[in-house]
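*Asks:* Place chain B on chain A using the hints.
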Amino acid sequence: MSPKVELRHVTKRYESLVALNDLILTINDGEYLTLLGPTGSGKTTTLLLIAGLIQPDKGGEIYIDDVPVADISTENRNIGFVFARYALFPHLDVIDNLIYSPRVKGENLDESKKSAREMLELMVLSGRGDAIPKELSGGMKQRVALARTLMSGAKLLLLDEPLGALDARIRMALRKELRKIVKDLKITAIHATNDITEAFLISDRVAILREGTLIQIGTPAEVYEKPRNIFVANFLSDTNFFGGIVKSVDIQKKSALLELEGDLRAKTNKTSKPENFQIVLGVRAEDIQINPRISIDEPNHFNGEVESSKFISGTNRYEVILENKDLVIIREKASKEWFEEGDSVTISFHPRETLLFDYPEEGLEKALEFE
Amino acid sequence: MPEVKLSTISKHYDEVIAVDSVNLTVHNGEYVALLGPSGCGKTTTLRIIAGLTLPTEGDVFIDGKHVTYAPPGNRDIGFVFQHFEIFPFWDVWDNVGYGPKLRGLDEIEIEKRVWEALKTTKLTDKADNLPDELNTPELQRVGVARALATGARLMLFDEALGALDPKVKAIFQHELRKIVKKNKLTAIHVTHDQQEAMAIADRIIVMRKGRILQIGKPTELYYKPNDIFIANFLGESNFIEGVVSKVTETGSEIRLRDGSILRTDEKAIKGGRRVIISIRHELLKLQPFERFSALNFIPGKVIGYRFLGDRHSYEVKLDAGEIVGVKEFARAPPPFKLEDPVTVRMDTSLAVLFSYPSNGLAPHLSLE
Numbered sequence: 001m002s003p004k005v006e007l008r009h010v011t012k013r014y015e016s017l018v019a020l021n022d023l024i025l026t027i028n029d030g031e032y033l034t035l036l037g038p039t040g041s042g043k044t045t046t047l048l049l050i051a052g053l054i055q056p057d058k059g060g061e062i063y064i065d066d067v068p069v070a071d072i073s074t075e076n077r078n079i080g081f082v083f084a085r086y087a088l089f090p091h092l093d094v095i096d097n098l099i100y101s102p103r104v105k106g107e108n109l110d111e112s113k114k115s116a117r118e119m120l121e122l123m124v125l126s127g128r129g130d131a132i133p134k135e136l137s138g139g140m141k142q143r144v145a146l147a148r149t150l151m152s153g154a155k156l157l158l159l160d161e162p163l164g165a166l167d168a169r170i171r172m173a174l175r176k177e178l179r180k181i182v183k184d185l186k187i188t189a190i191h192a193t194n195d196i197t198e199a200f201l202i203s204d205r206v207a208i209l210r211e212g213t214l215i216q217i218g219t220p221a222e223v224y225e226k227p228r229n230i231f232v233a234n235f236l237s238d239t240n241f242f243g244g245i246v247k248s249v250d251i252q253k254k255s256a257l258l259e260l261e262g263d264l265r266a267k268t269n270k271t272s273k274p275e276n277f278q279i280v281l282g283v284r285a286e287d288i289q290i291n292p293r294i295s296i297d298e299p300n301h302f303n304g305e306v307e308s309s310k311f312i313s314g315t316n317r318y319e320v321i322l323e324n325k326d327l328v329i330i331r332e333k334a335s336k337e338w339f340e341e342g343d344s345v346t347i348s349f350h351p352r353e354t355l356l357f358d359y360p361e362e363g364l365e366k367a368l369e370f371e
Numbered sequence: 001m002p003e004v005k006l007s008t009i010s011k012h013y014d015e016v017i018a019v020d021s022v023n024l025t026v027h028n029g030e031y032v033a034l035l036g037p038s039g040c041g042k043t044t045t046l047r048i049i050a051g052l053t054l055p056t057e058g059d060v061f062i063d064g065k066h067v068t069y070a071p072p073g074n075r076d077i078g079f080v081f082q083h084f085e086i087f088p089f090w091d092v093w094d095n096v097g098y099g100p101k102l103r104g105l106d107e108i109e110i111e112k113r114v115w116e117a118l119k120t121t122k123l124t125d126k127a128d129n130l131p132d133e134l135n136t137p138e139l140q141r142v143g144v145a146r147a148l149a150t151g152a153r154l155m156l157f158d159e160a161l162g163a164l165d166p167k168v169k170a171i172f173q174h175e176l177r178k179i180v181k182k183n184k185l186t187a188i189h190v191t192h193d194q195q196e197a198m199a200i201a202d203r204i205i206v207m208r209k210g211r212i213l214q215i216g217k218p219t220e221l222y223y224k225p226n227d228i229f230i231a232n233f234l235g236e237s238n239f240i241e242g243v244v245s246k247v248t249e250t251g252s253e254i255r256l257r258d259g260s261i262l263r264t265d266e267k268a269i270k271g272g273r274r275v276i277i278s279i280r281h282e283l284l285k286l287q288p289f290e291r292f293s294a295l296n297f298i299p300g301k302v303i304g305y306r307f308l309g310d311r312h313s314y315e316v317k318l319d320a321g322e323i324v325g326v327k328e329f330a331r332a333p334p335p336f337k338l339e340d341p342v343t344v345r346m347d348t349s350l351a352v353l354f355s356y357p358s359n360g361l362a363p364h365l366s367l368e
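Just so you know, the protein sequences line up as chains A and B, in that order. Under my numbering, residues 1 to 371 are what the first sequence spells out, in order. Under my numbering, residues 1 to 368 are what the second sequence spells out, in order.
You may find that some hints are simply not true.
[Claimed, not checked] Calculated pairs, SDA-like style, for lysine to any residue (alpha carbon to alpha carbon, straight line, at most 25 Å): (1) K336/A with P137/B; (2) K181/B with D326/A; (3) K301/B with A173/A; (4) K217/B with V306/A; (5) K224/B with F311/A; (6) K366/A with E341/A; (7) K310/A with R203/B; (8) K310/A with P137/B; (9) K122/B with V168/B; (10) K169/B with L201/A; (11) K181/B with L120/A; (12) K209/B with L120/A; (13) K180/A with K181/B; (14) K167/B with L120/A; (15) K209/B with G127/A; (16) K310/A with R311/B; (17) K325/A with A362/B; (18) K182/B with E341/A.
Bear in mind the hints are in silico, worked out from the structure with no lab data behind them. Values in this document were obtained by computation on a predicted structure and should not be read as measured data.
Same shape as in the complex, but just chain A:
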């Protein structure tokens, strides 16, 4: 068994700033959960609260394995954590840092050293066992700190951007390893990150935070397929948004006609909003097809001109300026044919591959802001 963690109505204010607002969240026994959100969304605050390094405002409670932990000190919560400032023992070499916990617990030294070496290999640090921390780069120190925490025997891990200081490519490689190790050791892990790919690759469930508020929680597929609002849709993938109104609804045919700003018409299979309702239509970059310009006056077909065309890791990314000056982002798997800047194109999307939202009261731009 590894610990279950529960936050009940947890709020944390710093003077006028609400760092965390009435958070209700359960992390199950053995679950890998990521807290995903931009800078300042409350991820680190949540981890510090669970660790007991800061206390929630009055009224909020934190339980670990159904026990309220308000009166339990950090040391006695049996938590392993990796925060952005990695604290290694400066006078110990890497191996001795890793086996510190096993040694204190009186475990077999040879075996601990063996697993320490295996851990170093996974962390792309083979051959660095004899180095002392000051001989290592920031990224290496972060990996040693992570390895040490994984070897500490703690059954609850709190990871605050544990891969943040690493080279992009090493970060990619370590994500997969980290999940495997955590799952093998049957640890409950809570991992804060601002990187969507990382969250999707590594976790069972994703909790999306914004400005101290939990917006949505679910498996990667759940939050991706059914984003609660336009912020989530945009945060999780490049999504194009069009403001407009519902023109007509045919519930039987599962089809609604939308009139969008800038003289565009669209069809969607989402029929939950009534006629004349103000909406935002979202279409993800990968759900839009791009073709040479054709003469067609149909919903979901817009004419435009390619403003930029870029190959990125096996995909083509286009920016297309529509006739009404709207900018649309399109991403498709790279093929032998592609479009160049200046090409006249028609873009289109299937009524099924659409997202429909209420028009946000605060306006589109404000609703999409990251920070």
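*Replies:* Chain B only, in chain A's frame:
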């Protein structure tokens, strides 16, 4: 208009060779990325171009002029760092105007330049703000605006987007490229992020251990890497071991360890040779297992799956022994479960053949 040329540039620190005999020409109006892992020499190279570090050997030319020992101030360069050194008690306008003022321009010219730079970086409504009233992306824009306002035609970016959230970073990459292109600047951009390099650059210079490994357009490096390290460092590749069983007019056939055969269009490799086939995750497709043997249909078993939004990512253990990654762009729910036997269909038209390295595969797959 600036063209930058490095001729056999080396930089030694005691025993360490940070940059090892680098030759490089960056053309006028070109946006290039210096890409490589930490410690590969990319930042040292940039600093040598800027004049912030003197090379141990070799020459630097900007616009045909020999500037190897010229001070940074005489090189007409705009420099943007990750840790933007912005004057905290000056508002955005004064920060951006600092460069032009230093160059002794008159008030009207300064005002014109600052206004242009703020417009380009979408900061006009922040002109009167102090730095501590701005968020990180806005501060980064101030850094870029400041470099633009100097009027320099050569921009050097040193991990300039490193401090940004990934989502904001992705947007800014495309904006930065547009700014450079629209203003017809020459830009050299240091990054360890292959995705960023492809998003911003016309050409990428891949460095490792002080040396240049390959220079090319993103598609060239991605589909025609000249080194296993590059195939592994850019994007996601599978490396499958085999032996050349047949060489024909149009290509070659490779026998994998389980006896199945991969056919590629690449030839000129002698029969009997041990080789590594490098093939991108997205060039593999899964289909239900079928007990027949055909070229490029390789049997295996699903051992891992992750949903990645716009794509499914599988891990498949081939009967041949390797674990391969398969990336399928698709909206439908994943058709395969863990433990499912599958046949992996490999599109080898863009696969690359390497001779099996004499020192083994590991040093080439190291990420350092």
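*Asks:* Does each hint fit the structure? Answer for all of them.
*Replies:* Status of the hints after comparison with the structure:
1. K336/A with P137/B: violated, 36 Å
2. K181/B with D326/A: holds, 21 Å
3. K301/B with A173/A: Holds, at about 22 Å.
4. K217/B with V306/A: holds, 20 Å
5. K224/B with F311/A: holds, 14 Å
6. K366/A with E341/A: Between K366/A and E341/A the Cα gap is close to 30 Å, so the pair fails against 25 Å, i.e. violated.
7. K310/A with R203/B: This hinted pair holds, its Cα atoms lying about 12 Å apart.
8. K310/A with P137/B: Holds. K310/A to P137/B sits at ~23 Å (cutoff 25 Å).
9. K122/B with V168/B: Cα-Cα ~14 Å, so holds.
10. K169/B with L201/A: holds, 20 Å
11. K181/B with L120/A: violated, 44 Å
12. K209/B with L120/A: holds, 21 Å
13. K180/A with K181/B: With a Cα-Cα distance of about 44 Å, the restraint between K180/A and K181/B is violated, given a limit of 25 Å.
14. K167/B with L120/A: violated, 31 Å
15. K209/B with G127/A: Given pair K209/B, G127/A holds - Cα atoms ~17 Å apart, limit 25 Å.
16. K310/A with R311/B: holds, 19 Å
17. K325/A with A362/B: violated, 51 Å
18. K182/B with E341/A: holds, 13 Å
Comparing the model with each numbered hint stated earlier shows that hints 1, 6, 11, 13, 14, 17 do not hold.
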